[in-house]
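Fit chain B to the known structure of chain A by using the hints.
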Amino acid sequence: MSHSLDAYLLLAAGLFSIGTFGFLAKRNAIAMLMSIELMLNAVVLAILAFGAFTPSLGAQGSVIALFVMAVAAAEVTVGLAIVIAIYRNRRTPLVDEYASMRE
Amino acid sequence: MSLPETIPYVNWRWDDLVFLALAGVMLGGALMVVLSRNIIRSGLFMVLSFLGLAGIYALMGATLVAAAQVLVYIGAISVLILFAVMLTQSKDGPARLVFHHQAWAAAIASVVIGALFVMAILFTTWPLAVPAPIEQSAKEIATLIFTDNVFAFEVVSLLLLAAVVGGIYLARRDPGPDESTAGTLSGLSEEP
Chain A
0 MSHSLDAYLL LAAGLFSIGT FGFLAKRNAI AMLMSIELML NAVVLAILAF GAFTPSLGAQ
60 GSVIALFVMA VAAAEVTVGL AIVIAIYRNR RTPLVDEYAS MRE
Chain B
0 MSLPETIPYV NWRWDDLVFL ALAGVMLGGA LMVVLSRNII RSGLFMVLSF LGLAGIYALM
60 GATLVAAAQV LVYIGAISVL ILFAVMLTQS KDGPARLVFH HQAWAAAIAS VVIGALFVMA
120 ILFTTWPLAV PAPIEQSAKE IATLIFTDNV FAFEVVSLLL LAAVVGGIYL ARRDPGPDES
180 TAGTLSGLSE EP
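Chains as they are written, first to last, in numbering that gives the first Met the number 0: chain A, 0 to 102; chain B, 0 to 191.
For reference, chain B alone in the conformation it holds in the complex:
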């Protein structure tokens, strides 16, 4: 059984239905991240939002970036954030007041920014834009990264190394004077 070309009765392409569903999941997840009162729930809704975004990337033809989105954001960054949430839970449970007292000003600011973006997008014609997204193959991306952008690639790898070292340095528990010597001594004695 094959599907008809367009959705019956509505006359949309199937792509559009998938796009709307993914956009709904993504924006709904993002709204729940911001509005949820429980920070753990915020983190889990962030995973949902990133999943919808990965689907949108795949729909756009950027399949490698979609895979990287799942690996990097859902697999690494969300887990990192959830760990940090668990490390910084206070004993009295989730805070009663989730938003600042001036949250209305933040709402106005974000609505104004959003409206400016929407106006800028709708009032601009994109002369170079083609009517359908172009598939971007992994081979093409890899060739570009390792020929034209190899310097940027090296800089990014150095940045990641610096971030890892800096993160460990910042989050390290500051040892007391006697504790530190005991730690090094025991560490030395345990070394073969």
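For reference, chain A alone in the conformation it holds in the complex:
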């Protein structure tokens, strides 16, 4: 089980769909960012699994995973800054009360 590519990919698929549900269903903007982190981690898991099970890739899988982690850190920094900036104006972290952005 731990020696098959499919097991890791199925795990990544499960994590990604949990993240998708959280992103679509949660009302809190920060909870949505957490769900994005879950989805990104699922993708990193899939990349690492492909890298670890394909000998011709060498260590490229780990390299790509590290780059994705750095980009995810940048993304979450900017995302949280935007959420905090909106919270200053609207006094709520709930996205369905940001209706004025629609007008």
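Bear in mind the hints are in silico, worked out from the structure with no lab data behind them. Note that CB positions come from ideal geometry on N, CA and C, so glycine has one too. Check each hint, because a few of them may be wrong.
[Unchecked claim] Computed footprint of chain A on chain B, listed as stretches where at least three residues anywhere in the stretch have a Cβ under 8 Å from a Cβ of chain A: (1) 14 to 22; (2) 42 to 53; (3) 56 to 67; (4) 79 to 86; (5) 112 to 123; (6) 129 to 140.
[As the list claims (entries may be wrong)] Computed from the model, here is a short list of chain B residues facing chain A with C-beta under 10 Å: (7) Thr5; (8) Pro7; (9) Tyr8; (10) Ala106; (11) Leu143.
[To be verified] Here are a few chain B residues that sit away from chain A, every Cβ distance over 10 Å (derived from the structure): (12) Ser1; (13) Pro3; (14) Glu4; (15) Asn10; (16) Val32.
Then chain B, alone, in the frame of chain A:
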């Protein structure tokens, strides 16, 4: 005392038991992130989920990435998210309605996406895949980063710098006209 080759009675390898335990921790933590009603609890379950994921990386032989996962996600990103949660707590406590009214549609969408992934994975044969994961040494990774991927490395460092500056700019409190001059004046006077 040495352990037997496989788990007695079940005839699994020990790796598989570790894998199942870590996968359970990871998926359970992720589910609790999504389903928990308290946002602080969501954040703490996210730490648990990332910890299980780091264990899975280590089991896969990507030890450097496992260490980076603990440092970056558990040490930095989770703490950042928890700080943001505390900065955006509303006075009336956690919101009563955690999910949108159309959460059922989100559930259907995620189940469909998950089912599509599972079908795609199970119906594909991976011709290049080997039966056991290959250990990826830190030396090999470092050599790759600083030879073949050095341009990407520099771009990522620039991106991180831009993200830090942008984050500070976005989250900065907008000073009023008189407040800003007072701030600069006092800041100037305090400077030696």
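To see whether the hints hold, each was checked on the structure:
1. Interface restraint, the segment 14 to 22 of chain B with chain A: holds (6 residues with C-beta to C-beta distance below 8 Å; minimum three).
2. Judged by the Cβ-Cβ criterion of 8 Å, the segment 42 to 53 of chain B is covered by chain A as claimed, because 5 of its residues qualify and three suffice.
3. Chain A is given as covering the segment 56 to 67 of chain B, and this holds because 8 residues of the stretch bring a CB closer than 8 Å to a CB of that chain, at least three being needed.
4. Under a criterion of three residues with beta carbons nearer than 8 Å to beta carbons of chain A, the stated coverage of the segment 79 to 86 of chain B is upheld, 5 such residues being counted.
5. Requiring three or more residues with a Cβ within less than 8 Å of a Cβ of chain A, the coverage given for the segment 112 to 123 of chain B holds, as 6 such residues are present.
6. With 9 residues carrying a beta carbon less than 8 Å from a beta carbon of chain A, the segment 129 to 140 of chain B meets the three-residue requirement, and the given coverage holds.
7. For the restraint placing Thr5(B) at the interface with chain A, the shortest Cβ-Cβ distance is roughly 12 Å, beyond the 10 Å limit, so the hint is violated.
8. A hinted interface residue such as Pro7(B) counts as satisfied when its beta carbon comes closer than 10 Å to some beta carbon of chain A; here the least separation is about 17 Å, so the hint is violated.
9. Checking Tyr8(B) against chain A by beta carbon gives a least distance of about 17 Å; that is not within 10 Å, so the hint is violated.
10. Contact between Ala106(B) and chain A, as hinted, is supported at the beta carbon level, the nearest pair being about 6 Å apart and thus within 10 Å.
11. Because the smallest distance between the Cβ of Leu143(B) and any Cβ of chain A comes to about 5 Å, under 10 Å, the interface hint for this residue holds.
12. Taking the minimum C-beta to C-beta distance to chain A, about 20 Å, the non-interface status of Ser1(B) holds against the 10 Å cut.
13. With a closest Cβ-Cβ approach of about 17 Å to chain A, Pro3(B) is found to remain outside the 10 Å limit, as its non-interface label requires.
14. The Cβ of Glu4(B) sits about 14 Å from the closest Cβ of chain A, beyond the 10 Å cut-off, so the non-interface label holds.
15. Asn10(B), annotated as away from the interface, keeps every beta carbon of chain A farther than 10 Å; the closest lies near 12 Å.
16. Val32(B), annotated as away from the interface, has a beta carbon of chain A within 10 Å; the closest lies near 6 Å.
The structure fails hints 7, 8, 9 and 16 (numbered hints given earlier, in ascending order).
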